[in-house]
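Residues per chain, in single letters:
Number of protein chains: 2
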Amino acid sequence: MRCSVIAVGTELLLGQIVDTNSSWIGERLAANGIDSHVQFKVGDNHRRIVALLRSALDEADAVIMCGGLGPTHDDLTREAIAEVMGVELEMNDAVADVIREIFSSRGRRMADNNLRQAMVPRGATIIPQTRGTAPGLICPVGLGGSNGDKVVYAVPGVPHEMYDMMERAVLPDLRRRMGDVSVIASKVVRTWGESESGLNERLAPLIEQLEREGNPTLAFLASGWEGIKVRLTAKGADVVEAQAIIERWLPEVHRHAGEFVFGYDADTMESVVLDLLEARGWSFGLAESVTGGLVAGRITAVPGASRTFKGSIVSYASEVKFDVLSVPRGPVVSAESAIAMADGARRVLGADVGLSLTGVAGPAEQDGQPVGTLWVGLALPNHETTATLLRMPGTRDQMRQMSVISALDLLRRRLV
Amino acid sequence: MRCSVIAVGTELLLGQIVDTNSSWIGERLAANGIDSHVQFKVGDNHRRIVALLRSALDEADAVIMCGGLGPTHDDLTREAIAEVMGVELEMNDAVADVIREIFSSRGRRMADNNLRQAMVPRGATIIPQTRGTAPGLICPVGLGGSNGDKVVYAVPGVPHEMYDMMERAVLPDLRRRMGDVSVIASKVVRTWGESESGLNERLAPLIEQLEREGNPTLAFLASGWEGIKVRLTAKGADVVEAQAIIERWLPEVHRHAGEFVFGYDADTMESVVLDLLEARGWSFGLAESVTGGLVAGRITAVPGASRTFKGSIVSYASEVKFDVLSVPRGPVVSAESAIAMADGARRVLGADVGLSLTGVAGPAEQDGQPVGTLWVGLALPNHETTATLLRMPGTRDQMRQMSVISALDLLRRRLV
Numbered sequence: 001m002r003c004s005v006i007a008v009g010t011e012l013l014l015g016q017i018v019d020t021n022s023s024w025i026g027e028r029l030a031a032n033g034i035d036s037h038v039q040f041k042v043g044d045n046h047r048r049i050v051a052l053l054r055s056a057l058d059e060a061d062a063v064i065m066c067g068g069l070g071p072t073h074d075d076l077t078r079e080a081i082a083e084v085m086g087v088e089l090e091m092n093d094a095v096a097d098v099i100r101e102i103f104s105s106r107g108r109r110m111a112d113n114n115l116r117q118a119m120v121p122r123g124a125t126i127i128p129q130t131r132g133t134a135p136g137l138i139c140p141v142g143l144g145g146s147n148g149d150k151v152v153y154a155v156p157g158v159p160h161e162m163y164d165m166m167e168r169a170v171l172p173d174l175r176r177r178m179g180d181v182s183v184i185a186s187k188v189v190r191t192w193g194e195s196e197s198g199l200n201e202r203l204a205p206l207i208e209q210l211e212r213e214g215n216p217t218l219a220f221l222a223s224g225w226e227g228i229k230v231r232l233t234a235k236g237a238d239v240v241e242a243q244a245i246i247e248r249w250l251p252e253v254h255r256h257a258g259e260f261v262f263g264y265d266a267d268t269m270e271s272v273v274l275d276l277l278e279a280r281g282w283s284f285g286l287a288e289s290v291t292g293g294l295v296a297g298r299i300t301a302v303p304g305a306s307r308t309f310k311g312s313i314v315s316y317a318s319e320v321k322f323d324v325l326s327v328p329r330g331p332v333v334s335a336e337s338a339i340a341m342a343d344g345a346r347r348v349l350g351a352d353v354g355l356s357l358t359g360v361a362g363p364a365e366q367d368g369q370p371v372g373t374l375w376v377g378l379a380l381p382n383h384e385t386t387a388t389l390l391r392m393p394g395t396r397d398q399m400r401q402m403s404v405i406s407a408l409d410l411l412r413r414r415l416v
Numbered sequence: 417m418r419c420s421v422i423a424v425g426t427e428l429l430l431g432q433i434v435d436t437n438s439s440w441i442g443e444r445l446a447a448n449g450i451d452s453h454v455q456f457k458v459g460d461n462h463r464r465i466v467a468l469l470r471s472a473l474d475e476a477d478a479v480i481m482c483g484g485l486g487p488t489h490d491d492l493t494r495e496a497i498a499e500v501m502g503v504e505l506e507m508n509d510a511v512a513d514v515i516r517e518i519f520s521s522r523g524r525r526m527a528d529n530n531l532r533q534a535m536v537p538r539g540a541t542i543i544p545q546t547r548g549t550a551p552g553l554i555c556p557v558g559l560g561g562s563n564g565d566k567v568v569y570a571v572p573g574v575p576h577e578m579y580d581m582m583e584r585a586v587l588p589d590l591r592r593r594m595g596d597v598s599v600i601a602s603k604v605v606r607t608w609g610e611s612e613s614g615l616n617e618r619l620a621p622l623i624e625q626l627e628r629e630g631n632p633t634l635a636f637l638a639s640g641w642e643g644i645k646v647r648l649t650a651k652g653a654d655v656v657e658a659q660a661i662i663e664r665w666l667p668e669v670h671r672h673a674g675e676f677v678f679g680y681d682a683d684t685m686e687s688v689v690l691d692l693l694e695a696r697g698w699s700f701g702l703a704e705s706v707t708g709g710l711v712a713g714r715i716t717a718v719p720g721a722s723r724t725f726k727g728s729i730v731s732y733a734s735e736v737k738f739d740v741l742s743v744p745r746g747p748v749v750s751a752e753s754a755i756a757m758a759d760g761a762r763r764v765l766g767a768d769v770g771l772s773l774t775g776v777a778g779p780a781e782q783d784g785q786p787v788g789t790l791w792v793g794l795a796l797p798n799h800e801t802t803a804t805l806l807r808m809p810g811t812r813d814q815m816r817q818m819s820v821i822s823a824l825d826l827l828r829r830r831l832v
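Residue numbers (this note's numbering), protein chains in the order written: chain A, 1 to 416; chain B, 417 to 832.
For the record, the hints were derived by calculation from the structure and aren't laboratory data.
Possibly wrong hints are sitting among the right ones.
Unchecked claim - Every beta carbon over 10 Å from chain B, so not counted as near; a handful from chain A, in silico:
id, residue
1, 98
2, 101
3, 160
As the list claims (entries may be wrong) - Once the Cα atoms are required to be at most 20 Å apart in a straight line, the calculated EDC-like pairs of lysine to aspartate or glutamate come out as:
id, chain 1, residue 1, chain 2, residue 2
4, B, 645, A, 11
5, B, 603, B, 657
6, A, 187, B, 490
7, A, 150, A, 79
8, B, 603, B, 627
From a predicted model like this one, the values you see are computed outputs, not experimental measurements.
We put the beta carbon where it would ideally sit given N, CA and C, even for glycine.
In isolation and in its complexed conformation, chain A is listed as follows (with noise of 0.2 Å):
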């Protein structure tokens, strides 16, 4: 069963809204083993719609359009559906009844043009209007004369509404024409510290095989200042069996990708590192510079942060190193300040565990240190403070997104 989605709204085009609904109903088609086939966005344009409805049904066996089924007159998607149908859009009494049942349960006088939204066409489904004002619809499209073998469902772009509708009919409706009741399970295996080619190389042995057997595939998402994740997806004939095949093929990503491995679907570099911390009992503190409260930021992110998380001296002014942190007074982008300033973590916030940044982000060099420049320290108990250097690649906002990732790196790497 392969299935497109139409998002309908000039809005959309425009980019005055961002259509997140399309990836919400690209992830709930994947969750329920059928294939997203192509996602478009286009105008409220009656010619522009009806051509793109005709084109995505070539394709795929199902489409689901979402937005253009309000009151207005650029609300076109049911004038859409009947012209790739075939057939006359007819009023629909008992709908017609709920929508002025709306406006009279909300006290509120309905303009006429709300009963454009009871114009149903011949031969659709109602999805009934639990939430809005319009309903959805289900319209069996017969292509070259075999009439109903694919189907258009309408639902409205309000999101809330169209989550509804997804759930209660579309995709239980959806699994009942596959027939098939295979279903898809992936896992995200989480990396840092090797480049997206770097990755490909390492499990080149294993991506060979896979392409061979088919099942489970495996692909590579960048995702910036996250790392590169590794997703498995799988298929099976229900849960039990797609998760176990996910399962039998993890530890051959794991033994390829090894130590750059940091976690698995919803982990973050930051829930990873406050997990480790919590599991020895350890509280954590900061001594940010370089990056000014973002390592901060993105640990207190994570619900529960404060189980173990102390807090932060952002100590950005080079007095305030000195004054609050009894960083020496001397060169503040250097292995003594980055170890003094982990040490003054530990003392200041009463904290079991202290990691300092400094260094340079630019525009311009300083003390002679170059942009990309970034020292941390790690002050843990029972153990002399370090420092390490490391280089940074890039501008200033990557350079310090950077060194947020890679210093908690740093500190997971010596937990682990």
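Knowing the structure of chain A, use the given hints to seat chain B on it.
For chain B alone, coordinates are given in the frame of chain A:
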């Protein structure tokens, strides 16, 4: 000139990444007077990409392909374009040299597959890479024998690489092809604190007037945590004329949107606040709890922040508030705590101005205070320190991000 966009990547179809690139491109096309036709998302499948590109070229004069230019086996954009152009891919030695140089300058080993990125369809023009390893492409496509009357652009999927190539090469090339000799100038008015519909109502008389005149045009760009942007776009015979039209209408926008306007174009709330502080010669320090370093992280993203910004005490644990900032023991989400934190930030960091944030981001309430509670403390020279209660909407992440800009806006309004 009609332009379509094809975003390439299975991760987009599966909803693992939301396609914000197409939205950004759609916005830039509109600002340059180019019609958006259809936007597509397609997976990493050679046959489907080729079919989609062909069908997109049937209807549009230009197609921008975004993504699929990386070094791995599932980066297929180059091959797809070459097939549609009906030409071979050739190794471009100059591009290969740049890629080798990028790796050696970072002191990293280059995996051989990176040279895939130097493969260029014969007849294509290179958009030199300045940030990533993959160059962009400008590919004339002769459909129906009339060589070169349509064009396919390829740009990377990494947003900052894509933005750069769009502005530097793709948009100027599109405008040349359009034969449009007029020049576009635009100005973005940044606002905070009013909804899009509220701004629409305030600006309604101006919008009506501009719709009658046709030049400049006015558009709203919602940008979530960054407020609502109002964009004026003017056409003129040259830059001077286009900018003069903008300057003539700008005071009208300001007159209607008034206090909600905080800046223009590349201004951010944090850059505006830093400028206001610097103009008074005041240094600035923070005490953050609920935002956990996010305010400091945003402030230090501004180059030159060090002229004004001393640092932040990220007092996530209550003991850090008590011990470092001398907050009186008791409920830490309170006016008293916000005031003591702001005063403590001034004192500990040696700053003229202290700003503090304490609140509840969730998932659970705290000390009987509901999720969304935000107390902002503000200590200014020669003023009594104040605390202001704000209610933030949304999830944990939204609440924290909205808190950052809301607190800075509060400071901004006190400074102007």
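Evaluation of the provided hints:
1. Against chain B, the non-interface label of residue 98(A) holds: every CB pair exceeds 10 Å, the least being about 27 Å.
2. No Cβ of chain B approaches the Cβ of residue 101(A) within 10 Å, the least distance being about 26 Å, so the stated non-interface status holds.
3. Even its closest Cβ contact with chain B, about 14 Å, leaves residue 160(A) beyond 10 Å, as expected for a residue assigned away from the interface.
4. Proposed proximity of residue 645(B) and residue 11(A) is supported: the alpha carbons are some 15 Å apart, at most 20 Å.
5. The straight-line distance between the Cα atoms of residue 603(B) and residue 657(B) is roughly 14 Å, inside the 20 Å bound, and the hint therefore holds.
6. As the CA atoms of residue 187(A) and residue 490(B) are separated by approximately 18 Å, the hinted pair is consistent with the 20 Å bound.
7. Of the pairs offered as hints, the one joining residue 150(A) and residue 79(A) holds, with about 18 Å between alpha carbons and a cut-off of 20 Å not exceeded.
8. Distance restraint check for residue 603(B) and residue 627(B): the Cα-Cα separation of roughly 17 Å lies within the 20 Å cut-off, and the hinted pair is therefore satisfied.
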